[in-house]
Amino acid sequence: MFDTPALARLSALLQEVRNGTLLIPEFQRGYVWGDEQRLRLMDSIWQGIPIGSLLVWRTGSDKGLKVRTEIGPCTLPTPRAASVRSYVIDGLQRLTTLYAALMPLPEGHERDAEGRRWPIYFELAPKAGDDLRFHLRHGQQEVSSTWMPLSCVLDDDLFFEFRAALVSRGHKDLLQEARRLESRFRDYLIPVVPLVSEDQELVTEAFARVNSLGQDLDEGDMAHALTLGDAFSFNGELSSLTSQLSSVGWEGVDRKVVIASLKAIWNLDIYKSGAKGIQGKLNTTEGRDLLRALPQIFEPVAELLRGFGVHGPGSLPYTYQLVALLRAAQRLGGEKVLGAADGLRTWFFWSTYNEHFTGMTSGQLRGEFERLEALIRGERALDWLERPVVTPLGQLRANAVRSRAAILAMAIEGDGLTGGSKQQRLYGARGTEALQRLFPGESPYILANRVLAEDEDLKRLREWLTPGQLRLTTPEVLQDDLLRRNHLGFVLEKKSVTAASPFDAATLTDAHKILRAREYALDLFEAEFVEDLGAKWQPDT
Numbered sequence: 001m002f003d004t005p006a007l008a009r010l011s012a013l014l015q016e017v018r019n020g021t022l023l024i025p026e027f028q029r030g031y032v033w034g035d036e037q038r039l040r041l042m043d044s045i046w047q048g049i050p051i052g053s054l055l056v057w058r059t060g061s062d063k064g065l066k067v068r069t070e071i072g073p074c075t076l077p078t079p080r081a082a083s084v085r086s087y088v089i090d091g092l093q094r095l096t097t098l099y100a101a102l103m104p105l106p107e108g109h110e111r112d113a114e115g116r117r118w119p120i121y122f123e124l125a126p127k128a129g130d131d132l133r134f135h136l137r138h139g140q141q142e143v144s145s146t147w148m149p150l151s152c153v154l155d156d157d158l159f160f161e162f163r164a165a166l167v168s169r170g171h172k173d174l175l176q177e178a179r180r181l182e183s184r185f186r187d188y189l190i191p192v193v194p195l196v197s198e199d200q201e202l203v204t205e206a207f208a209r210v211n212s213l214g215q216d217l218d219e220g221d222m223a224h225a226l227t228l229g230d231a232f233s234f235n236g237e238l239s240s241l242t243s244q245l246s247s248v249g250w251e252g253v254d255r256k257v258v259i260a261s262l263k264a265i266w267n268l269d270i271y272k273s274g275a276k277g278i279q280g281k282l283n284t285t286e287g288r289d290l291l292r293a294l295p296q297i298f299e300p301v302a303e304l305l306r307g308f309g310v311h312g313p314g315s316l317p318y319t320y321q322l323v324a325l326l327r328a329a330q331r332l333g334g335e336k337v338l339g340a341a342d343g344l345r346t347w348f349f350w351s352t353y354n355e356h357f358t359g360m361t362s363g364q365l366r367g368e369f370e371r372l373e374a375l376i377r378g379e380r381a382l383d384w385l386e387r388p389v390v391t392p393l394g395q396l397r398a399n400a401v402r403s404r405a406a407i408l409a410m411a412i413e414g415d416g417l418t419g420g421s422k423q424q425r426l427y428g429a430r431g432t433e434a435l436q437r438l439f440p441g442e443s444p445y446i447l448a449n450r451v452l453a454e455d456e457d458l459k460r461l462r463e464w465l466t467p468g469q470l471r472l473t474t475p476e477v478l479q480d481d482l483l484r485r486n487h488l489g490f491v492l493e494k495k496s497v498t499a500a501s502p503f504d505a506a507t508l509t510d511a512h513k514i515l516r517a518r519e520y521a522l523d524l525f526e527a528e529f530v531e532d533l534g535a536k537w538q539p540d541t
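Per my numbering, residue 1 is the first one in the sequence shown, and the count goes up by one each step.
Please keep in mind that the hints were generated in silico from the structure rather than gathered at the bench.
Be a bit skeptical, because a hint or two may be false.
[Said to hold, decoys possible] Derived DEER-like restraints, expressed as beta-carbon distance ranges:
1) 360 x 123: 49 to 57 Å
2) 131 x 285: 19 to 27 Å
3) 455 x 342: 34 to 42 Å
[Said to hold, decoys possible] DSS-like mimics (lysine-lysine), calculated; alpha carbons at most 27 Å apart, straight line:
4) 172 x 127
5) 276 x 66
6) 256 x 272
7) 127 x 66
8) 256 x 66
9) 276 x 256
10) 459 x 513
Glycine included, every Cβ here is placed at the ideal spot set by N, Cα and C.
Whole structure, please, built from the sequences with the hints as guidance.
This is how it looks when you write it as C-alpha cells:
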C-alpha cells in the first residue's frame, strides 16, 4: 500500500500543484495556520531544517472525488486528464503555506478569504540580533527596500525584475543574499510518501488514522473523510446547520458541541464512539435525517434557554446541559420540553451551582439524560441533585462554572431594571470576551469591576464616572438614563431583605467605594436569585 518514499524538490512539487497534476481532495480540512506558523515554516526551509513528509495517494482511475479549486489566496487549475492521479492526503497546511507564499499572487490578493496577509517577505539585510528574517506587512506599512517577496523566488522573470530593482535602489551588495535565498528554496527537498491503492475506503481510513495524531482535525473531520464519496459532505452539512442556527442566536456554537449533540441523539457513546461511530450513523438514511432535523430540534430548546437568560453559546455554563436538552427534545418533542420549563429551570441552575457535570463519564452522562427525560415526562422528581449551597463569588475566574453563573445573574438583574435583554444577548453571543473593566486601573478579578458592554457603551459609562473625583452623577440622572440603570442603577436601588443598603449617592466618591457598593448589590441580587431557585445562600462569615 505504501510505496518507497521519494525526495522531491520543492519547486517541482509546487509546479505539480500549479499544473493540476497534484490535487487537493475536498475532504481535507480548510487552511487554519496562523502568522507565526507560516513564518516559522519559511525559516525552517531557510535554515535547512526538515519540515516533514507529504503523504500522496496515487490511483490509476478517476474516483470522482471533489477537489479544491482554491488554495490560500490562489485559484487552482482544472485537474488535468492523466493516467495516474495524485491527491494530497497529509501535509495540506504546509503545502498551502508554501504554494501561497512562493507562487505569484493574483492582482489585489494581499489577503485570503479568512483575512490572512500575503505575501511573505525576507529581510535581505537583517539587523544584529534579528531572530526571524521573514515578515508580513502590517496594514499600510511601507515595504522596506531590503525586503524580498518570496513570490519572486521561483519565478525567473520576477526574480530578474527584483534583482534589477535592488541594483537601482543602491543595494547591489544584497544580490548574493537574494541568490542564496532563491537557491535554498528552489532546491529544498521534501520526502513524498506515495500511497498506492484503488480502494478509496482504505485510503480515507488511512487519512483518518494519520491525521488523528495531529491537533488540527477533530472527529468530525475524520467522519467527513470516511463518508465523503458521493454527494454527501459532513463538513458541508455542519456548516449549513450552524448557519441555520443564526435565527435563534446560536450560530456561534462550537462544532464539537454540535457533534456531541448528534451523538446523544443518535444514541452513541459520547466519549467512546469516534469517527467510525459517526460514520456508521451517517451511512444510514435515518442518521442523515436526524442530522438535518437538528435546527428544528434546536428551536424549542433555544426558546427554553432564553427564558433562563441564556441567549447563545457564550453564556452556557455546561455544554452537556444543552446536549441533554436537545436529546430530550428529539425524543419527547419540543412542546413537552417547553411544558416542563419550571422544573427544567431548577435542574439547569442546580446543576450549574453544584458543578454537576464536571468530570462525568460517558455512562454517567447517559444516566443524566435518562433521568432528565423522566423528569420532563413527569415520572420523576428532581431527587438526584442536592440542594445547592451557594457562597459569594470571591475571585472572578471567567471560565469557571461558578463565575459564569454569577455573570449570568448579573446580566439578568441589569436587564431586569430596563426591561430588555441586552446584557444577556451580548453574553450569549460573545461569552467572557464581552466582559469589560469598569475601572481600567482596578483588578479584573472582581465581578464588581466588570460589565457586559459594547465598547461605545463602556466609554459612556466611564465618562459618567467623573475623572479625578470618580463621582457618579446625580441619582436623578442615573435613574432616568437607560444605559446607566442597566449597569449601575441597582447600586443605588438595591435593598437587602433585612436591611437597607449602607451606600447612597453621597458616599460613592471614589472607585473603591463604587466597587464596594456594586459588589454589595450584586451579592444581594444573587442571594435572592439563588433562594428563588430553592437553593441556599450562605454569606461569608
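Restraint check for residue 256 with residue 272, where alpha carbons must lie at most 27 Å apart | Since the Cα atoms of residue 256 and residue 272 sit roughly 14 Å apart, the hinted pair holds (cutoff 27 Å).
Satisfaction of hint between residue 66 and residue 127, Cα-Cα up to 27 Å = Distance of about 47 Å is beyond 27 Å: violated.
Indicate whether the distance between the beta carbons of residue 455 and residue 342 respects the range 34 to 42 Å. holds, 38 Å
Exercise. Is residue 459 close enough to residue 513, meaning Cα to Cα at most 27 Å?
Worked result: holds, 20 Å
Margin query: Given the hint of 19 to 27 Å, is the C-beta distance from residue 131 to residue 285 inside that range or not?
Written below: Since the Cβ atoms of residue 131 and residue 285 sit about 56 Å apart, the hinted range of 19 to 27 Å is violated.
Self-check item: Supplied distance hint 49 to 57 Å, evaluated on CB atoms of residue 360 and residue 123
Solution: For residue 360 and residue 123 the Cβ distance comes to about 52 Å; the hint holds.
Exercise. For the pair we were handed, residue 276 and residue 66, check the Cα-Cα distance against 27 Å.
Key: holds, 22 Å
27 Å Cα cutoff - pair residue 276, residue 256: Holds, at about 16 Å.
Holds or violated: residue 256 and residue 66, Cα atoms, limit 27 Å. With a Cα-Cα distance of about 25 Å, the restraint between residue 256 and residue 66 holds, given a limit of 27 Å.
| CA of residue 172 to CA of residue 127, is that 27 Å or under? | At roughly 18 Å apart (the allowed maximum being 27 Å), residue 127 and residue 172 satisfy the hint.
Going through the hint list in order, the structure does not satisfy hints 2 and 7.
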